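The whole structure should be built from the sequences, with the hints applied where relevant.
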Amino acid sequence: MADTVILSEGAEFDHVIQEVSKYIRLYVMAFEKEERSLTRIDKRENMYGGNGTVYMIQMFDQKDLANNRLAAYMVLLDKGDESGFHTHNQRNEQELYVVVHGTGEYRERTGAEGPERRKMLQKGDITAINSIGYHSIENTGDEPLIMFVITTYNRS
Numbered sequence: 005m006a007d008t009v010i011l012s013e014g015a016e017f018d019h020v021i022q023e024v025s026k027y028i029r030l031y032v033m034a035f036e037k038e039e040r041s042l043t044r045i046d047k048r049e050n051m052y053g054g055n056g057t058v059y060m061i062q063m064f065d066q067k068d069l070a071n072n073r074l075a076a077y078m079v080l081l082d083k084g085d086e087s088g089f090h091t092h093n094q095r096n097e098q099e100l101y102v103v104v105h106g107t108g109e110y111r112e113r114t115g116a117e118g119p120e121r122r123k124m125l126q127k128g129d130i131t132a133i134n135s136i137g138y139h140s141i142e143n144t145g146d147e148p149l150i151m152f153v154i155t156t157y158n159r160s
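Numbering (my numbering), first residue to last: 5 to 160.
Careful, some of the hints might be misleading.
Claimed, not checked - Straight-line C-alpha distance at most 25 Å; calculated BS3-like pairs for lysine-lysine:
1. 67 x 37
2. 67 x 83
3. 127 x 47
4. 83 x 47
5. 37 x 83
6. 37 x 123
7. 83 x 127
8. 83 x 26
9. 47 x 26
These are calculated hints, taken from the structure and not from any lab test. Only a predicted model underlies this, so the values are computations on that prediction, with no experimental measurement involved.
Here it is, written out as structure tokens:
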């Protein structure tokens with residue numbers, strides 16, 4: 005897995021927010037809490053062996069996510085940026101991607117070396133992966149690929 009750099013200010017932070025804000029509003033209204041925007045941006049180079057940079061715009065603090073590990077926007081700003089193949093098996097998690105802008109190629113397989121299934125995704129598409137699956141996503145368009153990602157613990 006790639007190292008994570010937390011961006012909380014600066015030119016790169018401003019650039020990511022400016023680009024994403026062209027397409028979506030970064031806003032949270034959590035139950036019984038103050039209305040707000042994002043909490044931070046995580047920058048991941050070559051995430052899970054993929055190419056380029058992935059930004060995770062964290063919308064919640066961990067303490068706000070009762071049965072979820074993650075609820076964030078995954079942003080692949082440039083064509084070719086990708087999150088490489090990975091699994092959620094070790095943490096026994098499921099994950100959803102909801103595409104809110106852009107286009108990308110989603111790939112999944114059972115096991116580390118199983119046959120791949122590929123699908124071109126666009127705005128409105130949703131994917132779901134369980135803890136035995138492996139998946140990856142690549143921006144294939146000329147605009148940012150923006151997805152809302154929810155990673156939930158399996159309760160078995």
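Going down the list of hints, with the structure as the test:
With a C-alpha separation of about 13 Å, the suggested pairing of residue 67 with residue 37 holds against the 25 Å cut-off. Among the hinted pairs, residue 67 with residue 83 is inconsistent with the structure: their alpha-carbon atoms are about 34 Å apart, more than 25 Å. At most 25 Å may separate the alpha-carbon atoms for a hinted pair to count; residue 127 and residue 47 meet this at roughly 23 Å. For the given pair, residue 83 sits about 17 Å from residue 47 by alpha-carbon distance, which is consistent with the 25 Å threshold.
Between residue 37 and residue 83 the alpha-carbon distance is near 37 Å, which puts this suggested pair outside the 25 Å criterion. Of the supplied pair hints, the one linking residue 37 and residue 123 is violated, its CA atoms being roughly 38 Å apart against a limit of 25 Å. The straight-line distance between the Cα atoms of residue 83 and residue 127 is roughly 16 Å, inside the 25 Å bound, and the hint therefore holds. Distance restraint check for residue 83 and residue 26: the Cα-Cα separation of roughly 17 Å lies within the 25 Å cut-off, and the hinted pair is therefore satisfied.
This hinted pair checks out: residue 47 and residue 26 have alpha carbons roughly 19 Å apart, not beyond 25 Å.
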